[in-house]
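Protein chains in written order, with our numbering: chain A, 1 to 629; chain B, 1 to 142.
Covered, in the sense of this in silico footprint (three residues per stretch, anywhere, with C-beta under 8 Å from a C-beta of chain A), are these stretches of chain B: (1) 37-47; (2) 98-108; (3) 112-118.
Keep in mind that the hints were calculated from the coordinates and are not lab data. Predicted model only: the values in this text are computed from it and were never measured. Glycine included, every Cβ here is placed at the ideal spot set by N, Cα and C.
Chain by chain, the residues:
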Amino acid sequence: MELAQPRGAGVSRRLTFARAITDWQATRVFVRLYWRALLRQLDRRHLRNNEIALTVLSALLGTAIGIGVSLMREAMQFLHVLNFGLPPDRLLSEGIDLDWRRVLLVPVIGGLVVGATTYAIRRVRPRETVDAIEANALYGGKMSLIDSANLALLTLMSGGFGASVGLEAAYTQLGSSFASNVGEIFRARRDDLRILVGCGAAAAIASAFNAPLAGAFYAFELVIGSYTSAVLAPIAIAALSATLVVREVFHAESIFALDRAVHIAGLDYVLFAVLGLAAAGIAVATMTGVTWVERIFRRLKVKAWARPVVGGLIVGLIAVIFPQALGSGHGAIQLTLDQGIPAGVLLGLIAAKGLASAVSVGSGFRGGLFSSSLLLGSVYGGAAVVLLQIAISALGYPGVRLDAAGYMLVGTASVAAAVVGAPITMIFLVLELTGSLPAALGVMVGVIIASVTVRLTFGYSFATWRFHVRGVSIRGGYDVGWMRDLDAESLMRRDAHTAPLGMSIADFRTKFPLGGPKRAFVVDAEGRYRGIVLAADAHNPDIADKLEERKIDDLRFAEENFLLPYQSIRVALDRFSNTETETLAVLSDAVERRVLGFLTEAYVLRRYNQELERTQAEEHGERTLFGPG
Amino acid sequence: MRHRSISPHYAPDVLAQARRRRLKRVLIAVLLGAIVAAYTYGALDQRVIAEDRNDLLPQWAEALVLGTAFAIASLPVGWSVLGRILIPIPTLFLYLSVFTGKEPPLPFTAGFVLALVYAAALTALSAYLGDRPERRLFGSRQ
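Start from the sequences, fold in the hints, and give me the full structure.
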């Protein structure tokens, strides 16, 4: 049997099937050629024009990411068994049968390992890792796989040595960057790449929590920034395939489950709203606590590599009393729901977990607050229901019994929604993990109140708060990167006419007659920009006498208002609005002040509208927002 | 002859800003006091050995006293030193009873050292928070 050579393969020898299976070199060439041919078949044109191709790719990505997440989870459990002498069937944050010496020392050793590894990585790659939200907002979905792998490694180390962080940040980072890099192999266009990044995050969260809807909506709310029908199929399929893999292949269980029905009455909804309000306070305190800890470390001039060591010591000191504060907290959530922790301890655990998480992240351990906020919320809900029950009894209604499980679920979802910034995700998470519609309805009240309160008072989720602290001005995953790409240099007109400072109006009128250039840029003897003169102003009929003596210097404006080549369209629009001018010069720099070109407000506005329309159309999977004709 | 220091005049918005900053620090001190009280209450509730639960005051009152002392010690005022004096000894004894009374209990020496660390940490943290940079900005005595 003879195999046809793939078109455009570029080899002179013909390959036969017999040669391919007997000759190793021939086999390699054979596989490579057919791999290239396959890539050509699935290239950009197919991804761009065929939603089915994108959906198939997202299913494959979801499967791979599901396997990756499961392996990372196993690696984390292995580290816990190794470091804390934990029985293999136990979770660290259950806090059962832990030796106090290990609890105290392991996080310190972990701090040393994480500090040294971070130091080594920073020396080789001294830059911030771009996460999924930032990549989609600013970089058109492009992410570095090496940076992401480094971050995942550090997160695994942090969690494995007991730092109070979750692995979800590592899952989404690795999943998104894997999807992004696969997209780049297929040369996916900007919007497809952004969708693939969303697929990676959706698959990661879906497999982490065994909850496909929560995973999909995590991607919509945080990573893509919006829900449209165009992105529904690939993201939902990625989340679903990842969940199926972890369920069927790895037999993963949910992080928590409820074995009884939840009973919610009218009064409960009012109390859930109150619970949501306080949850917002806890969320803001935890988020700002991280920054506060970082500030203390900076003020005390602790070396960057030593900060996780100090952080590990503090976490260890907390965990000797509250071992549930160790790790991500998955084990402790179920323990709380089963009411296996006394009420007084729950109250202390709110403070302990919040402090441990803030110290862990603030001191330089890597990881996120997703699962930490879930535990924080569940213990808060557990403590709150005890206090509310006491208050109701004291008010003379001892017969009114509150359903503790319902309050714990509301607390869990409210705090997590406020910290993560994904309210619908949390409602679906509770619905999928408990299967209880009444609980999900109750959760909806608390989550909405908490999210709205945080948005109106604080204005950030944990991810966007970290961007804010770093000076990156983005509020979500929606694409604003095109605004950075559209800078003054790429937009400006280069046919700028200049006139020397001190030129007479008569000469100006001769050089720039009516019907010619509308404006001239005044420059001094050294060629520095000194303002704009409009031809209409110079030809004003009111200026009729002493034209030879009068200078154009008096007609100049906008001497101190100009743009620099790197400034974005957004800055340009702000500048036009603030200075109330219609034209701005684009200068080489603020010192040399050489005129490179100019921008008019009308043109900038037109380009801005065009780009907005294009972005919106692409988000909806269309070429244009308007129909034909 | 002693010279009386004349307090300089500041613009109303500067004074308002200073007031807001002081209020913020007072609120932070109160919040941190509540956190310390909740943490201590939870820690005290971990004790299962009866003789370690035999306290002078009810558990909630002890936690409240320690939280209040911490809040006072963290205030940006001169008399916050009173709170700082109150913190170390009660913290040492309370947390010693936690470490030796929890399940499983720590050896006495280890419990004592850890309780000492807790006492020192709370005192040092309150001293850090009670530091008053805004006073220096307004030319008060150093």
